[in-house]
Amino acid sequence: MDGRLVAFEPSDSVAVAVVRAGEAPASGGTLCLAGDCGNCLAQVDGVAYVRTCQAAARPGLQVVRHPVLEMPPLPAVPALDITATPAARAIEVRRAAMDVAVIGGGASGIAAAAAAERAGKTVVVLDAAAGVEVVAIYAGPTVIARTPSGMLHVDAEEIVVATGAAEIQPVCPGSRLSGLVTARAAEALHAAGVGLGTAVAVGSPPVGVPANAVGGTLVRFEGDGGRVRAVVTADPLTGAETTTPADTVILGLGLAPRDVLARMAGALPLTVVGDAAEAMPLPPPPTEGIVCPCFGVTVEDLGGAWARGFTELELLKRSSRAGLGPCQGGACLPHVRAWIAARTGVVPEPFTARPASRQITIAEAAADTYVDVFRRTPLHDEHLALGARMDRFGGWWRPWHYGDAIAEYWAVREGVSIGDVSTLGKLVVSGPDVVELLERLYPCNVADIRPGRSRYALLLNERGHVMDDGMILRESDTRFVLSFTSGGAANAEMWLRDWIEVWGLRAHVLDRTMSLGAINVTGPLAKTLLMRAGLADPPRFLGHVHAHVAGVPCHVMRLSFTGEAAFELHHPVDRSVELWRALLDLGHDLGIRPHGLQALFGLRLEKGHVIVGMDTELDTTPRRLGMDWAVRMDKPWFIGRAALERTAKLPDHRRWVGFTMDGPAPTEGSPIWSGREIVGNVTGSWHSPLMGHAVMLGWLRRSPFPDLVEIDGREAVVSPTPFYDPEGHRARA
Amino acid sequence: MPALERLRGLRVVADPAALDAARWRGDDVTVLRFAPDDALGLGASSVDVDDEHAIVEPETGFVGAWLPIDAVVAHLEWRLPTERPTLAQGAVAGVPAKLWLPTDGDALLVAAAAYADELAERVR
Numbered sequence: 001m002d003g004r005l006v007a008f009e010p011s012d013s014v015a016v017a018v019v020r021a022g023e024a025p026a027s028g029g030t031l032c033l034a035g036d037c038g039n040c041l042a043q044v045d046g047v048a049y050v051r052t053c054q055a056a057a058r059p060g061l062q063v064v065r066h067p068v069l070e071m072p073p074l075p076a077v078p079a080l081d082i083t084a085t086p087a088a089r090a091i092e093v094r095r096a097a098m099d100v101a102v103i104g105g106g107a108s109g110i111a112a113a114a115a116a117e118r119a120g121k122t123v124v125v126l127d128a129a130a131g132v133e134v135v136a137i138y139a140g141p142t143v144i145a146r147t148p149s150g151m152l153h154v155d156a157e158e159i160v161v162a163t164g165a166a167e168i169q170p171v172c173p174g175s176r177l178s179g180l181v182t183a184r185a186a187e188a189l190h191a192a193g194v195g196l197g198t199a200v201a202v203g204s205p206p207v208g209v210p211a212n213a214v215g216g217t218l219v220r221f222e223g224d225g226g227r228v229r230a231v232v233t234a235d236p237l238t239g240a241e242t243t244t245p246a247d248t249v250i251l252g253l254g255l256a257p258r259d260v261l262a263r264m265a266g267a268l269p270l271t272v273v274g275d276a277a278e279a280m281p282l283p284p285p286p287t288e289g290i291v292c293p294c295f296g297v298t299v300e301d302l303g304g305a306w307a308r309g310f311t312e313l314e315l316l317k318r319s320s321r322a323g324l325g326p327c328q329g330g331a332c333l334p335h336v337r338a339w340i341a342a343r344t345g346v347v348p349e350p351f352t353a354r355p356a357s358r359q360i361t362i363a364e365a366a367a368d369t370y371v372d373v374f375r376r377t378p379l380h381d382e383h384l385a386l387g388a389r390m391d392r393f394g395g396w397w398r399p400w401h402y403g404d405a406i407a408e409y410w411a412v413r414e415g416v417s418i419g420d421v422s423t424l425g426k427l428v429v430s431g432p433d434v435v436e437l438l439e440r441l442y443p444c445n446v447a448d449i450r451p452g453r454s455r456y457a458l459l460l461n462e463r464g465h466v467m468d469d470g471m472i473l474r475e476s477d478t479r480f481v482l483s484f485t486s487g488g489a490a491n492a493e494m495w496l497r498d499w500i501e502v503w504g505l506r507a508h509v510l511d512r513t514m515s516l517g518a519i520n521v522t523g524p525l526a527k528t529l530l531m532r533a534g535l536a537d538p539p540r541f542l543g544h545v546h547a548h549v550a551g552v553p554c555h556v557m558r559l560s561f562t563g564e565a566a567f568e569l570h571h572p573v574d575r576s577v578e579l580w581r582a583l584l585d586l587g588h589d590l591g592i593r594p595h596g597l598q599a600l601f602g603l604r605l606e607k608g609h610v611i612v613g614m615d616t617e618l619d620t621t622p623r624r625l626g627m628d629w630a631v632r633m634d635k636p637w638f639i640g641r642a643a644l645e646r647t648a649k650l651p652d653h654r655r656w657v658g659f660t661m662d663g664p665a666p667t668e669g670s671p672i673w674s675g676r677e678i679v680g681n682v683t684g685s686w687h688s689p690l691m692g693h694a695v696m697l698g699w700l701r702r703s704p705f706p707d708l709v710e711i712d713g714r715e716a717v718v719s720p721t722p723f724y725d726p727e728g729h730r731a732r733a
Numbered sequence: 734m735p736a737l738e739r740l741r742g743l744r745v746v747a748d749p750a751a752l753d754a755a756r757w758r759g760d761d762v763t764v765l766r767f768a769p770d771d772a773l774g775l776g777a778s779s780v781d782v783d784d785e786h787a788i789v790e791p792e793t794g795f796v797g798a799w800l801p802i803d804a805v806v807a808h809l810e811w812r813l814p815t816e817r818p819t820l821a822q823g824a825v826a827g828v829p830a831k832l833w834l835p836t837d838g839d840a841l842l843v844a845a846a847a848y849a850d851e852l853a854e855r856v857r
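Protein chains in written order, with the numbering used here: chain A, 1 to 733; chain B, 734 to 857.
Everything labelled a hint here was simulated from the structure, so no lab data went into it. It is possible that part of the hints are untrue.
Restraint ranges, calculated between C-beta atoms of paired labels, are given here [said to hold, decoys possible]:
| hint | chain 1 | residue 1 | chain 2 | residue 2 | range |
| --- | --- | --- | --- | --- | --- |
| 1 | B | Gly838 | A | Thr528 | 51 to 59 Å |
| 2 | B | Ile802 | A | Glu23 | 33 to 41 Å |
| 3 | B | Pro814 | A | Asn445 | 42 to 50 Å |
| 4 | B | Ile802 | A | Met633 | 53 to 61 Å |
| 5 | A | Ala363 | B | Pro835 | 32 to 40 Å |
| 6 | A | Thr352 | B | Gly759 | 55 to 63 Å |
| 7 | B | Gly759 | A | Gly140 | 40 to 48 Å |
| 8 | B | Gly759 | A | Thr528 | 39 to 47 Å |
Under 7 Å between C-beta atoms, here's a sample of chain B residues computed to sit facing chain A [as the list claims (entries may be wrong)]:
| hint | residue |
| --- | --- |
| 9 | Thr763 |
| 10 | Val789 |
| 11 | Gly794 |
| 12 | Ala845 |
Beta carbons: idealized from backbone N, C-alpha and C, even for Gly.
This is chain A alone, in the form it adopts within the complex:
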């Protein structure tokens, strides 16, 4: 402990071994040795907040006492690569399904288990004394326990809580001295052969422990060097104080039901038996001293919170923090209830209990859970082979850059580049009512899109807020392909299916997002490259054709997100690698290089293109984006039209606009200032290699909208977008 060797007996807990060595496991306070309080918490084998009374001593265990006034330091860990695949699970989880789970292995628990077995039910007894600590009860019901070999999850039809009662802790001056133990703790120490020195018992004396019992009311403890030297009691009639010297003060101040798990279960099928079910008297209301040993909350602190109006138990808990510490109210709850009852005349119900009732590690909490799975495009390994730094975006692993985002940018602006856009949402819709469906869904015209042509479209909800955006590509009179953002495909499919059903339209929907790869070929030399790859007649802007490119069947879509000529090649995922490599080979002498998201975001920013979900908020409207041009209010009806018509008459104090500024690009998310007021935030930021200054997109939320603002401590000018090629000549070239 703390670098020194501590001897122990075979059955010792860490706390008992420490007391046997004449020390205290923590900075003081009454030891209960039953796991109810936080007075023996220490760092054990690198894990902080371990109840040392519940941890068996064994050779080599490293125990470090927590600092007296500060929280224990977090363990030092090497810098994490957040883009790496998480490590394999280290905590095993066992699962069991039982008719009855009995929590507690005392007399009442054993009796309940026996009764259930006699009734022919399968039973498991979860006993903290045997190392199986129940830390949570969830709906199911499912009981979560920590065991020496990992976590145990028990699905039970019925739960019996037989957790007994905890001993009341003292609240009076000197209660943080060491050398104070509860009566049961004294019995346990005596049974373990631990000498208590001159022991004085206050209240109900321990059984079989030599101690000098003193009467009267507990007033305070006195000591020096952090150790108790005497206990002071008072005659309840005269108030006369008596000081009794002691090496150890044994406290039998009463019991409180150990019912935190019962309170946690709420309305789940649960029975409480034994002492845990008993209505026990509260201790006298405390008048002085520390009520909550975990956080050092005093009676005076409770009074201050009460005076500020926090006059209910739940509010008092949140305001004072009493009950929020590691023991979760095990020590303070009876006292706080008694203190409130003395003021109001009403004993409040105990406060809500929530998992976990005991400290568990993050690894224990996360055991048997999985991090969200991130999808990999068919080109994932190609990106890695090209040295890409991968990151997660929109539910996918995507290349952020290949080592030189600026070179990738120039490849797009001046030559040719390819990008992996397999992540884009891709839906096929087909049916006799498909035009009617899409006219109702989209705020733009659909019926006039000819086969082989496409149109950019916003997708709005009933409130006129932007849900997503993408392309509408018509293949025939009754068949369309719709594209969506990378993160939006699943929602879009549900959105379409729901409305098809609601409206009773005849239309089929197939989500092809994960069945089709997509490669964006972009730059002034894109067309040259594609013609080399066998695309004899590339479509003109907003056109699309089915053709073979480098021998791979593709749906070739001409559009532009980068501001340059661009062709998306949608193709079967099993052909992606073949197509990617062919394009790189064929474009080698054109200076082709792939581009990652970093360059793509810069390129789109120069064009002022919105990224739904990144630039938008939940209530973003086309007007706020400056995209009224994408909405045809002359259409008689579409989802969101009524809301747009209604709100068009109202003033709107939000606009998504462009900014330019000298110097480096500020951090995305930076606040935008006007005078001394924050008037918005930056959603996209990029130092344009072409323009030589920073270009940004962001929100203004105060009108009248200023022309000059301050971002990152520098003057920025509100500027029209697109910043680059505003006439769109290059995209159409």
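Put chain B on the given structure of chain A with help from the hints.
For chain B alone, kept in the frame of chain A given last:
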């Protein structure tokens, strides 16, 4: 776990009744009915379906492996249906997946190819 191999077949979205009556052609076709209007015919090279607006597409976006059912159950937080043959759908080791459970024998674990590497790492 055996390697997850790319599955090939035809994906069809059509009126449920038409899909019920569809005639699949190919080698040892196994039809996985993802939804009343959505099916994947593994091994199918063509299909006759009486719905002129049906969406019929070659499908290579899924991977699969045959596994003992016990090897899969350890990675489920849901109970397998008892009827056979059947298609079960849900998370396997936290990954969206499908399980084809034939009348007897091993189960075919199916997932989108985009999940293949992650699934293989989790189900070892």
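To see whether the hints hold, each was checked on the structure:
Roughly 55 Å separates the CB atoms of Gly838/B and Thr528/A, a value that falls within the hinted 51 to 59 Å. Between Ile802/B and Glu23/A, the C-beta spacing of about 56 Å breaks the proposed range 33 to 41 Å. Between Pro814/B and Asn445/A the CB atoms are about 46 Å apart, so this pair conforms to the stated range of 42 to 50 Å. Between Ile802/B and Met633/A the C-beta distance comes to about 57 Å, which sits within the given range of 53 to 61 Å.
A hinted range of 32 to 40 Å holds for the C-beta pair Ala363/A and Pro835/B, which are about 38 Å apart. For the pair Thr352/A and Gly759/B, the supplied restraint of 55 to 63 Å holds, since their beta-carbon distance comes to about 60 Å. Checked against the hint of 40 to 48 Å, the pair Gly759/B and Gly140/A passes, with Cβ atoms roughly 44 Å apart. Our hint of 39 to 47 Å for Gly759/B and Thr528/A holds, since their Cβ atoms are close to 41 Å apart.
Look at Thr763/B: its Cβ only gets to about 18 Å from chain A, farther than 7 Å, so that hint breaks. For Val789/B, the interface hint is violated, since its Cβ never comes within 7 Å of a Cβ in chain A; the closest pair sits about 9 Å apart. Of the supplied interface hints, the one on Gly794/B holds, with its beta-carbon coming within about 3 Å of a beta-carbon of chain A, less than 7 Å. Annotation: interface hint on Ala845/B holds; nearest CB of chain A at approximately 4 Å, less than 7 Å.
Checked against the numbered hints above, the structure breaks hints 2, 9 and 10 and satisfies the rest.
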